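Protein chains in written order, with the numbering used here: chain A, 1 to 259; chain B, 260 to 503; chain C, 504 to 716.
One or more hints might be untrue.
Pairwise CB distance ranges (calculated) [stated by the list, open to error]:
#	chain 1	residue 1	chain 2	residue 2	range
1	A	Q252	C	G618	43 to 51 Å
2	C	Y702	A	A195	55 to 63 Å
3	C	G618	A	D26	43 to 51 Å
4	B	S261	C	E712	50 to 58 Å
5	B	V391	A	L255	30 to 38 Å
6	C	E712	B	L455	33 to 41 Å
7	B	S261	C	G618	57 to 65 Å
On the chain C side, residues computed to face chain B include the following (Cβ under 10 Å) [said to hold, decoys possible]:
#	residue
8	S569
9	F658
10	P662
11	R685
12	Y686
13	T691
Simulated from the structure, these hints should not be mistaken for lab results. All figures in this text were calculated on a predicted structure; none of them were measured in a lab. For each residue, glycine too, the CB sits at the ideal point set by N, CA and C.
For reference, the chains in residue letters:
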Amino acid sequence: MPDTATKPAIQFQGVGKRFGDNVVLDGLDFSVAAGDRVTLIGPSGSGKTTILRLLMTLEEANDGLILVDGVPYTHEMRGGKRVAIPEKRRSLVRRRVGMVFQQFNLFPNMSVLENIIEAPIHVLGVPKAEAIAKAEDLLEKVGLADKRDARCTQLSGGQQQRVAIARALAMEPEILLLDEVTSALDPELVADVLAVLRNIAETTDITMLIVTHEMQFAREVSNRVLMFDGGKIIEEAHPEEIFTSPKHERTQEFLRAVL
Amino acid sequence: MSDNLQILVDLLPRLGEGVLVTLELTVGGAVLALLVAFVLGLAGRARTRWARVPSRVVVEFFRGTSLVVQIFWLYYVLPLPPFYVELDPLACGIIALGLNYGAYAAEVVRGSINAVPTGQWEAATALDMGPVHRLRRVILPQAWPLMMPLFTNLLIQLVKGSALATYVSLHDLNFFIGELRKGTTETVFAYTVGLLVYFAIAYALTLVMNALEARAKNNVGQGPSLREILRLTPARVDTAEVRP
Amino acid sequence: MNDFWNWDHAAAVFPSLIKGLGVTVLATVIGMVIAAILGLLVAIVRRSGVRAVTWPVGFLVEFIRSTPLLVQLVFANLLFTQFPSLAVGCAVLGIHYATYMSEVYRAGIDAVPKGQWEAAVALDLPRGRTWRDVILPQAIRNTLPGLGNYAISMFKETPFLAFIYVVEMYAAAQAYGGGNFRYMEAITLAGLLFLLVSYPTSLLVRRMENRLA
Chain A
1 MPDTATKPAI
11 QFQGVGKRFG
21 DNVVLDGLDF
31 SVAAGDRVTL
41 IGPSGSGKTT
51 ILRLLMTLEE
61 ANDGLILVDG
71 VPYTHEMRGG
81 KRVAIPEKRR
91 SLVRRRVGMV
101 FQQFNLFPNM
111 SVLENIIEAP
121 IHVLGVPKAE
131 AIAKAEDLLE
141 KVGLADKRDA
151 RCTQLSGGQQ
161 QRVAIARALA
171 MEPEILLLDE
181 VTSALDPELV
191 ADVLAVLRNI
201 AETTDITMLI
211 VTHEMQFARE
221 VSNRVLMFDG
231 GKIIEEAHPE
241 EIFTSPKHER
251 TQEFLRAVL
Chain B
260 MSDNLQILVD
270 LLPRLGEGVL
280 VTLELTVGGA
290 VLALLVAFVL
300 GLAGRARTRW
310 ARVPSRVVVE
320 FFRGTSLVVQ
330 IFWLYYVLPL
340 PPFYVELDPL
350 ACGIIALGLN
360 YGAYAAEVVR
370 GSINAVPTGQ
380 WEAATALDMG
390 PVHRLRRVIL
400 PQAWPLMMPL
410 FTNLLIQLVK
420 GSALATYVSL
430 HDLNFFIGEL
440 RKGTTETVFA
450 YTVGLLVYFA
460 IAYALTLVMN
470 ALEARAKNNV
480 GQGPSLREIL
490 RLTPARVDTA
500 EVRP
Chain C
504 MNDFWNWDHA
514 AAVFPSLIKG
524 LGVTVLATVI
534 GMVIAAILGL
544 LVAIVRRSGV
554 RAVTWPVGFL
564 VEFIRSTPLL
574 VQLVFANLLF
584 TQFPSLAVGC
594 AVLGIHYATY
604 MSEVYRAGID
614 AVPKGQWEAA
624 VALDLPRGRT
634 WRDVILPQAI
644 RNTLPGLGNY
654 AISMFKETPF
664 LAFIYVVEMY
674 AAAQAYGGGN
684 FRYMEAITLA
694 GLLFLLVSYP
704 TSLLVRRMEN
714 RLA
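Isolated chain A (complex conformation):
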């Protein structure tokens, strides 16, 4: 077992990602310690979301290595060459990473409960009764215990997103990726979702990577903020520091525009 006390939970080593001629990430290096809550900020197209998608293997990096708990995840160096790691080994890492999407992406062919228990039962092999009990606990936690058997399409956006959070937590992830989880919501529904996330941040020690435009939320929840621009980290600081006295000129511009 990797020694999580000394190894960072997530490590990017010279990661590059291009879409055609468009360079999204350029030799990116950074690491996240276990239990960290890191918020990624920056103008759109700066590569924040790409980082989450690389960690979820929804995209393939063109160069560099991504390590989780010190173990190579999607690629490794073998004999001086960068080679892809086979799907079976990726899967073992991937199931420790959870993700909540901007568009919720609940499965419309399943009820709320079925959405939550599907993967624990069929991917992790949790006994059904246990998975249901766990799902009911999680629904309680996100304030939707009464929606257990509802169709997802009958829920509001905010309710769908809270189900999606419960679904991700049901896999007991060590790392949780939050990709603009409130951006698709009507303003009056944002607060409930953020309250649920705040509660998770306070009561668990899950490592969180957060891409958001909710700066107040970022300030409350995260202990580190990374400012991205042009595929690189241009500033990194504690939220109090970066929001009150940003150093880099681009950070100042960006915060002036969004705050």
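With the hints as your guide, set chains B and C onto chain A.
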């Protein structure tokens, strides 16, 4: 006219046999077509070229060479050297219909799977579902309602195509029309009756398919359930339905 | 090996296949012209909103569309013995496909934004002019891929004409096969010729679809 009706009544058992053969061709052809459609449709979006290219070739081949040519190729060419395969005429019809409409339906399968939003694939990946699990439990249940209306069209086309069976010596509904015409010596009467029976078959199949489509849609949270549709009192409209 | 494929037979049947292909293409072109015009008329009539017209026309369209073309061909050929089979065949192909084309037009007309109708009303254009100068030019553009696809589909259904004694490509192959007790080359070649024409055409239509999309 009443003479004609009397002859029609006398011939009813034969009409029944004809309809039965047409239905056998339809059901057999449709089942084979569905099988062919899923095999070719799924292979058509496989990652390896070794599955994708052959699937494309087979689909284009059976779509591009006419159904008439295919059915008679099986009927006339296959029993001769070097094949020496003498197919039962019913098998001949079912195989030709199944391969031809299966090739069309393969495109429906491929297109419908591609039409499932990428977010659904990504959510399944994020939950670490394997490719088979993802397809079976997440993607296909959502692609299925997209396929249904197009399958309905193809099924009606298949019923119409089955009329060719008369020319490979099957006594289907089309054959019966000829018999009725000989019996009554009334072309208009015989063909009107025959076409109406074809219409009734197509209409009944459309009703069944529409019901299946409604069920498939309801399964992904769209539209009322079948029970609600069939209930006599109007279904309660759920006004709480909110979309993102 | 000789049993499998005989080039002499292939060469012997080829000229009559090409001649048949000419008839096949001719029937497709005439049939499609009828289908395109009649289908448009049907689509406009069905939009008129006059129940006494739309209802019977609607039923007729459904009826023709959901019964076999083959049976319709044979029926019409028995009814109209005074006309040549090819003419009857083209007419039936055209009418059958007009029922498909009317749906293509309907979709094309529906796809014209509502604002176009409203703008025409705002400009006080008469209804006929609105149709001719505003709606149809836009709708017809939307319908071109559908027209192309149905032309290909009709092309592959012209062998049905063989059953009303029109010597198109399939009938030519069949005649050679029956006459020489040798079907392999004739029917296979006929199939390949269908593929040779329909596949490139369908690629063209797909390209057109992508460009219009």
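Do the hints match the structure? See the list:
Our hint of 43 to 51 Å for Q252(A) and G618(C) holds, since their Cβ atoms are close to 44 Å apart. Remark: the range hint 55 to 63 Å for Y702(C) to A195(A) is upheld by a beta-carbon distance near 59 Å. Checked against the given bound of 43 to 51 Å, the beta carbons of G618(C) and D26(A), roughly 45 Å apart, stay inside it. Checking the proposed 50 to 58 Å range against S261(B) and E712(C) shows it holds: the Cβ atoms sit about 54 Å from each other.
Distance hint for V391(B) and L255(A): a CB-CB separation of about 47 Å, inconsistent with the stated range 30 to 38 Å. Roughly 37 Å separates the CB atoms of E712(C) and L455(B), a value that falls within the hinted 33 to 41 Å. Here the CB-CB span from S261(B) to G618(C) is close to 59 Å, well matched to the stated 57 to 65 Å. For S569(C), the interface hint holds, since its Cβ comes within 10 Å of a Cβ in chain B; the closest pair sits about 4 Å apart.
Because the closest C-beta pair between F658(C) and chain B is about 8 Å apart, less than 10 Å, the hint holds. For P662(C), the interface hint holds, the least distance from its beta-carbon to any beta-carbon of chain B being 4 Å, beneath 10 Å. Given the 10 Å rule on beta carbons, the hint for R685(C) holds: about 8 Å separates it from the nearest Cβ of chain B. Proximity of Y686(C) to chain B holds as hinted, the smallest CB-CB distance being about 4 Å (cut-off 10 Å).
Satisfaction of the interface hint for T691(C) is found here, the shortest Cβ-Cβ separation to chain B being roughly 7 Å, below the 10 Å cut-off.
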